[in-house]
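Build out the structure end to end from the sequences listed, making use of the hints.
If you read the sequences in order, they're chains R and V.
For the record, in the first sequence the residue sitting at position 482 is 487 according to this note's numbering, with numbers rising by one throughout.
For the record, in the second sequence the residue sitting at position 51 is 1012 according to this note's numbering, with numbers rising by one throughout.
Everything labelled a hint here was simulated from the structure, so no lab data went into it.
Predicted model, so just to flag it, every value in this text is computed and none were measured.
Glycine is no exception: its CB is placed at the ideal position from the N, C-alpha and C atoms.
Heads up, some of the hints might be wrong.
What the hints assert, rightly or not - Here are the simulated DSS-like pairs of lysine-lysine, each with C-alpha atoms no more than 30 Å apart in a straight line:
| no. | chain 1 | residue 1 | chain 2 | residue 2 |
| --- | --- | --- | --- | --- |
| 1 | V | Lys974 | R | Lys417 |
| 2 | R | Lys61 | R | Lys91 |
| 3 | V | Lys1070 | R | Lys134 |
| 4 | R | Lys335 | R | Lys601 |
| 5 | R | Lys601 | R | Lys575 |
| 6 | R | Lys134 | R | Lys91 |
| 7 | R | Lys417 | V | Lys977 |
| 8 | R | Lys374 | R | Lys443 |
| 9 | V | Lys971 | V | Lys1070 |
To be verified - Which residues of chain V face chain R? A partial, calculated answer using Cβ under 8 Å:
| no. | residue |
| --- | --- |
| 10 | Thr1017 |
| 11 | Leu1019 |
| 12 | Glu1020 |
| 13 | Asn1022 |
| 14 | Glu1023 |
| 15 | Ser1026 |
| 16 | Tyr1027 |
What the hints assert, rightly or not - Some chain R residues flagged as far from chain V (calculated, every beta-carbon gap over 10 Å):
| no. | residue |
| --- | --- |
| 17 | Gly15 |
| 18 | Leu591 |
| 19 | Gly679 |
Next come the chains, spelled out residue by residue.
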Amino acid sequence: MANVKLTIDGKTVEAPANTLLIEAARRAGIEIPAFCYYEGLALQAACRMCLVEVEKAPKLMTACTLPVAEGMVVRTNTPQVAQARKSMLEFVLTNHPLDCPVCDKGGECELQDMVFRYGAGESRFLEVKQHVDEREWSPVVFYDRPRCILCFRCVRICAEGMGVAALGVVNRGASSEIAPNRGDHLECDECGMCIDICPVGALTSGTYRYRTRPWEMQHVGTICTHCADGCKTTLGIRNNRIHRGNNRDRSGVNGEFLCIKGRYAGDFAHHEERLLTPLVRSQDGFKPVSWAEAIKTVAGRFAEIRQRGGKFGVIGSNHTTNEENYYLQKLARTGLGTNNIDHHRTGDVLSLLRARVPLATTADLYHSKAVLIVGVDLAQQHSFLAYQIRANWRHHQARVYTVRRGPVREDKIAARIVSVEPGGELAGVETLRDDLAKEPELVILFGDAIQGEAVARLTEFGSSLGIPVKYVCLVDYSNSRGAVEMGVLPAEGGMTLPEMMAAGDLDALWVVGANPLRRHALAGKPFLVVQDLFLTETAQAADVVLPAASAYEKSGTVTNVCGEVQRLQKAFETPGTKTDLEIFGLIAREMGLDLKQLGPWTPSAVFAEIARTVPGYDLPVEVLEAGGAVQAGPSDGLPDAVWAPVQSAGDTLFTSGTLGRYSKMLNAVREAPGELYRA
Amino acid sequence: MTFSPELEAKFEKLLKSYPPGRQRSAVVPMLLYAQDELGSVTGELVEEVARRTGITPLEVNEVVSYYSMLSRQPRGKYHIQICTNISCLLTGGEELWEHACRKLGIGNKEVTPDGQFSLEEVECIGACSWAPALQVNYEFHHHMTPEKLDRLIDNLRKAV
Ligand code: SF4
Ligand code: SF4
Ligand code: SF4
Ligand code: FES
Ligand code: FES
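Here it is as C-alpha cells:
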C-alpha cells in the first residue's frame, strides 16, 4: 500500500495508508495512551484515552480508529489533549476503588501508570462509589467489578483470539459489567488470556491472586513443559515457588498466548506427592535412601548385568531435554551396550522426516494463505497452533480446511469441512484436491491418524498439488520431537517400547520420565529403575526410584512440534531432586564407564556435541541463549531407526499425562478432563 | 420452546427480513413480541432466541440487560410507565408517580399481588407536549392528573 506523509507533534511521519494513527505514532516513538485499543483485536473506541488534536477536525479525534491521511497534522501534546486525558481518567476513577496497595495489578497496572502520568489524583465526585463484591467465575477466573474500566479487551480476546466467546457485557452505563457465559460462572478454555490482557486488576487468577507482588518475584522465561507447541512462559518465582506464568513481554514463538497449562498448570511441581528422596525396594516396600546409595545400587546392578552380557531395555521420555535424550541414548548404546531404546511415540515424526519435505514453523501457521488440518482436534490438543491459525484467518483471511471425525472448533473458520470415519482421513483429504490446488501455498497438519505408509501418501498428495506445501506432524508433550531427533529410538535389531515391555527376558529396564505401565503390562522381572517426579504406576513397580527435576528446574533445550529449538531456563529448585542429565552422569561415573567418550554431563557441553553430530542441530547458540527459537535444519531422516506404530496420548486442554494428574488447577476446573471431537 | 401461532408467524417473517447470516438483527423485536406473550423475558426465551438467531445466550442477555423495555421480572397485565423527566416533572409527574405508588401499594418495578398492575418510573417517553404523560402497555395517556389516573386504574380494574 502506498505511503502517506503526515505530521505528528511537528515531526514528519511516513506510514502506509490505512495505518491507524495510534500505530503510526507509536512507530514514530510518540506514545498515545490507550486502554481499549489493542493491537490485533477489533477496534472498540470505548475509553477515549487516545484523543488527539487533528487540524481541521472540529473536535478531538480517537487516534485508535483514525486512519492516517496525506497531509494530516496531529498534535498529541497540547493542553487540550492533556486536559482530555485527565478528564477521561477522572471519569474512569469515579467508581474505581483505588485499592492499589492490595490489588494484584499494583506495580504493573496500566491505569496506575496513566494516573501517575496524567494526573486526576483528586476527584470532584462526591457520590458514594458503587461497590459490587468480587465474584469467582471459575477456579481460574475472578472478577472484581469496581476495578473494571470497561475496555472490553477481555471480551474481544476471548471471542476473537480464543474463538470461545465466553465473556460479554451486560447492563448499561455506570452499571455495565462483564458477564460470564453461564450466568454466574464460566465454562470455557480457562486459558487466562482475559486475565493477563486486562489493563487493571479487574480480572485476577485463582493461582496468583493476593499471593505476592510483581516486584517481589523473579521472572524467568522458560518453555512450557506440557504440550509440544513450545510456548514461552515467564514464571513468577518467589521462595522456590511458581506464583504465576504469563508472557506479557510477548517473547517466544507464542507472543502473549498461553493456555491454562502454560499459565496455571506449573503447580504440579509443588504437589505434596512429589518424590524428594531416592527409594530402594526392600522386603517391606520402599526404603528412602541417600542419593549416593541409590546411585551405587543402580550402577552396581547395571555394571554386573553388563559384565555378564545381560539384556538391557531403556525407555526415554517425552519431556526431558534434548541434551538428556542425547546423553541417555549415547549412554545406553556405548555404556550399556544396548540398542533397546525407545520412547512413547505420539506422532509419526520419523516418517515425515524421512519424506524430506519442508516443515512449517509456528509463524508459518500465522502467515500461510491456506491451512489443512487432518484428523485432530487442534483447539483441544494444540491450543497454540489453533490460536495461530485463528489469528491468520482473522488478520489475513487464510482459508482453513478441516478433515476430521467430529465437530472441532476450527470448523467455525473453515472454508471447507470434510467429515470422515476413522481411517478415512486420506480419502477425505483427496476430496479437497481441486480446492487445495488453487491455493497459492499450504500448510498441512496431521495427527496420529496419518502414520507409516499414509504419511508418504499424504506428502505425495501434497507434492502433486503443484504448490509449495509445508508440514507439521503433531506430537504430544514438550519434547517428543527431540526424543526422535536425538535418537531415543532403536536401530535395526533393537527392541521398540512395546517389545521391551513384552520381552520377558530383560535383565534391566531403565525408565526415564515415562509411565509405560499405564498402557502396557511388563512381562518378566527385570531390575527396574525409574526416574520420575511422582510415584507413577511404573515407579511403584520399580526396584529403584530416582526423584527427577522437572523441566522448570533445569536448563537445556527442547524441540517443539514444528521443530523449533528453544532453551529452558532453570527457574527454581526442588531440594532432593536431580536433573535427569545429572543422574545419568552419576550412574555412568559410578559404573566406571569411559567418561572421556561419554563426555561431561552439562547441558552446554552436550549441546555442543549435538550440534556437531545431529544433522540439522548446528544452530546459532547465541539466538537460543537470548531466548529465541530456531527451527532445526533438515534431518537425515534417521536412516538407522526402526519405525513403529504411534499413538497420541489423547490429552485434552485439561489433561497432560502424568503432570496433569498432579496439577491441582487442571483437576479443579469444571471442564476437566474435557473431551475430544465433541459431538 | 413453542409460541402461539401468531407469534411464530411474526418470528418467521422477522427472521426472513434480514440477509442470510444477519438473523441476529431480529433479536430485539423477537424479544419484545415474546415478552408481550410471556409477560417477561424468561431464561428459556433467551436460550430460544439465541438458538433461532444463531448467537450465544450471553449475547442475547447483553441485549436484554441493556434495554429497559425488556424485563426479566414478570410484569403486571397492565404495565404502567410514568415519566418523571423534565417536562413531566415540571407539570406534576412526580406527584403522579407518588400517587400511583400509594394507590397500587407498590413501588418501582413491582407488581400488585394479583398480578394485574406493575409500575415503572421512566425517562422521557417523547410526549413532552402533552406532559405529564404515562404509558399503559403501548397506550399513551396525556395531560394526566391524579384524578384521571384514579379513573384510569379503576376502569382497568373493572375490565379485569
Ligand atoms: S487496577 Fe488495581 S492497581 Fe490499578 S489503579 Fe486500580 S486498584 Fe490500583
Ligand atoms: S479464561 Fe480464556 S476462555 Fe475463559 S473467559 Fe478468559 S479468555 Fe475466555
Ligand atoms: S475486566 Fe479488565 S479487560 Fe475486561 S473490560 Fe474490565 S478492565 Fe477491561
Ligand atoms: S484507545 Fe482509543 S478509544 Fe480507547
Ligand atoms: S419528559 Fe415526560 S414525556 Fe418527555
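Here is how each hint holds up against the structure:
1. Lys974(V) / Lys417(R): 27 Å, holds
2. Lys61(R) / Lys91(R): Holds, at about 23 Å.
3. Lys1070(V) / Lys134(R): 24 Å, holds
4. Lys335(R) / Lys601(R): 13 Å, holds
5. Lys601(R) / Lys575(R): 27 Å, holds
6. Lys134(R) / Lys91(R): Since the Cα atoms of lysine 134(R) and lysine 91(R) sit roughly 19 Å apart, the hinted pair holds (cutoff 30 Å).
7. Lys417(R) / Lys977(V): Within the cut-off at roughly 23 Å; holds.
8. Lys374(R) / Lys443(R): The given pair, whose Cα atoms are some 11 Å apart, holds under the 30 Å limit.
9. Lys971(V) / Lys1070(V): Between lysine 971(V) and lysine 1070(V) the Cα gap is close to 28 Å, so the pair holds against 30 Å.
10. Thr1017: 6 Å, holds
11. Leu1019: Holds - the Cβ of leucine 1019(V) comes within 8 Å of chain R, reaching about 4 Å at its closest.
12. Glu1020: 6 Å, holds
13. Asn1022: Since chain R brings a Cβ to about 6 Å from asparagine 1022(V), closer than 8 Å, the hint holds.
14. Glu1023: Since chain R brings a Cβ to about 5 Å from glutamate 1023(V), closer than 8 Å, the hint holds.
15. Ser1026: 4 Å, holds
16. Tyr1027: Hint holds; tyrosine 1027(V) Cβ to chain R Cβ min 5 Å, cut 8 Å.
17. Gly15: 43 Å, holds
18. Leu591: For leucine 591(R), whose nearest Cβ neighbour in chain V is about 56 Å away, the distance exceeds 10 Å, so it holds.
19. Gly679: Its Cβ never comes within 10 Å of chain V, the nearest being 19 Å, so this holds.
In terms of the numbered hints stated before, the structure departs from none.
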